[in-house]
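What follows is the residue order along each chain.
Number of protein chains: 2
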Amino acid sequence: MRLLFIGFGTVGQGLSELLLEKRDELAASYGFDAVVVGISDMLKGSAYDPDGLDLAAALARVGRGESLSDWPSVGRSWDAPTMIAEAEADVMLEATYTDISTGQPATDHIRAALERGMHVTTTNKGPLALHSRELIESARKGGLQFLYEGTVMAGTPLLNLIRETLAGAAIHEMRGILNGTTNYILTQMEGGMDYAAALAQAQQLGYAEAVPDADVLGWDALAKVTILANVVFGAGLKPSDSPCQGITEISSADIVRAAADGQRYKLIGRVWRDGAGVHASVAPQRLPSTHPLAGVGGATNAMTITTDALGEVTIIGPGAGRRQTGFALLNDLLTMWRHS
Amino acid sequence: MRLLFIGFGTVGQGLSELLLEKRDELAASYGFDAVVVGISDMLKGSAYDPDGLDLAAALARVGRGESLSDWPSVGRSWDAPTMIAEAEADVMLEATYTDISTGQPATDHIRAALERGMHVTTTNKGPLALHSRELIESARKGGLQFLYEGTVMAGTPLLNLIRETLAGAAIHEMRGILNGTTNYILTQMEGGMDYAAALAQAQQLGYAEAVPDADVLGWDALAKVTILANVVFGAGLKPSDSPCQGITEISSADIVRAAADGQRYKLIGRVWRDGAGVHASVAPQRLPSTHPLAGVGGATNAMTITTDALGEVTIIGPGAGRRQTGFALLNDLLTMWRHS
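From first to last, the protein sequence lines are chains A and B. The opening residue of the first sequence carries number 1 in this note's numbering; numbering runs sequentially from there. The opening residue of the second sequence carries number 1 in this note's numbering; numbering runs sequentially from there.
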């Protein structure tokens, strides 16, 4: 299986580390055999070798801050569109930065790869939140696999759980904690910290960006509930179709008052289906501390899925991280390998 | 897909209801098309029709307490071994009663079906706890699917989660609440009830048997950790190889004392792997009330899986029930349908 990395930041590097560490194990368990033929990254340069690049050497080079374009290779001057147009590969891995308002450039990368007959896996929320119908249909027409486990809850296998292991169960509602940064901040505030201090700590730990709006205003969670509405319920929602409220209006005093009533604040993303259609929302909620989602602390994510046959099933796991998100791509690759 | 039911108690009937209710939906979503050709049950009689039985009529008949053997059909006098030997079917569903000390008669049913070239799905813990290596190897040699999602946590997709969606992650340990009856009793005791009253209530609700030993002495949980050790870690453990302690020694006073320390008693099944091999155990443990498993109340089950790539992933869901266990068989059938 010839792999093409478009974007080689923490996620792409996390996957590369897993591929190197697990090479023998994956070969033994699944007969899995993959080679990275091309990498193109706006900042880290690009390289292409139809016989396969030395992935360990590529990681070392990037680790030292050296450009991949300084490597003698065919594609050293290729930007992402050129790489996708020229490289011979079976799977394109899209792991560039998320732009939730335009979905670009990731959406064009995926379109081009599918048109060239490549399977695609991505961790990028933009294309799925904005163009999932078009992209899923395009993959279907081409007989190609298009997987995106890492767009929601990182490598915690929520989407695969729904597709593979809840097959046959009708889902009515999904409700959960989809943003680790805000859950970390709320958990710290319960410990007595005020919002500004908790945010500063989240930034120091690398959970929150310098401009934390996407997390604290709820946009990241909104992108994820939109993806769930579109890929699980087949809706055609855009993020702007749904109400979204973040955590910036919640004070330490609110949290203390809730605790006195045996309740905890959580930023809840919700997707549900009723007679009128498919709906999504993001808003802080006070949950009784006996509720399964109330016990989920720190940067962890969780999702409760309400089904006809099973009632409620909840999955709890990491929602971010280099290896945790890289693993989502690995799991998608193994799904392609085993079931295509 | 021609189905053969061996055992037609609550689980077989629960699956039948789902097959009837979801016929159109499963055909539309997966092209799934199944017909029940044979049913054999020690108490409810047996029937066989190579062109397919009327499943709704069979359910109605059993609901009225009428024997299937009074139906005009080819196999009205066939016991389970004869049915397996004579029927032409693609999949045998083993859902007879669990005998955890011998694994019989279910193990012989599965052996015979695999020898005749049928795929097999079962909810029966006995064969998996005692003979998993032999049966898995026999299915592998015959190029047949052998699935058993319902043996642990009913239809909550723990085993499929591990096989399909955690593929590529190395699992170090699994730890969880695998018996709903004891978890219900412990939860009631936290509310002030004593053990005898909580057990009586569990019996009244149908959670506990008249002879509750298999639940309260930990044997049911022991069978399940043994299955996990064998099918996830490839061990060859028997239930008798592992230490097992139930909940009968825990008093209301113990529970009150634990609560005063911010702790809750849970009956924890654990499976882990270290340099010396694969180990399993069942024992009550005091967990801090902030622990994800501590918040799991009532008859619900939960399992925390510790992996290399993701850290901890927890799944919480029903551990028993007519439709919930029937769904496990349905999910196994869909896995066979989609991936074979």
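Honestly, the hints are just simulated from the structure, not real lab data. Yeah, the Cβ is synthetic: ideal placement off N, Cα and C, and Gly gets one too. Be aware that one or more of the hints could be misleading.
Facing chain B, according to a computed beta carbon distance under 8 Å, are these residues of chain A, among others [as the list claims (entries may be wrong)]: (1) 155; (2) 306; (3) 310; (4) 315; (5) 324.
With a cut-off of at most 30 Å between alpha-carbon atoms, the simulated BS3-like pairs for lysine-lysine come out as follows [what the hints assert, rightly or not]: (6) A:22 with A:141; (7) A:22 with B:141; (8) B:22 with A:141; (9) B:238 with B:141.
| task | Would you mind confirming whether the straight-line C-alpha gap from residue 22 (chain A) to residue 141 (chain B) stays at or under 30 Å? | result | holds, 27 Å
| Given the hint that residue 22 (chain B) pairs with residue 141 (chain A), does the C-alpha gap stay at or below 30 Å? | holds, 27 Å
| said: Hint validation: residue 306 (chain A) versus chain B, beta carbon distance must be below 8 Å. Holds or violated? | reply: The hint is violated - residue 306 (chain A) has no Cβ within 8 Å of chain B, the shortest such distance being about 11 Å.
| field | Given pair status - residue 141 (chain B), residue 238 (chain B), alpha carbons within 30 Å | value | holds, 23 Å
| query | Measuring from the C-beta of residue 315 (chain A) to each C-beta in chain B, is the shortest one below 8 Å? | reply | At 5 Å from the nearest chain B Cβ, residue 315 (chain A) passes the 8 Å test, so the hint holds.
| said: Given a cut of 8 Å on the nearest C-beta pair, is the interface hint for residue 324 (chain A) held or broken against chain B? | reply: Result: holds, 5 Å to nearest chain B Cβ.
| task | Could you check if residue 310 (chain A) really has its C-beta closer than 8 Å to a C-beta on chain B? | result | holds, 5 Å
| field | Status of the hint placing residue 155 (chain A) at chain B (closest C-beta pair under 8 Å) | value | holds, 5 Å
| Are residue 22 (chain A) and residue 141 (chain A) close enough, with their CA atoms no more than 30 Å apart? | This hinted pair is violated, its Cα atoms lying about 33 Å apart.
Comparing the model with each numbered hint stated earlier shows that hints 2, 6 do not hold.
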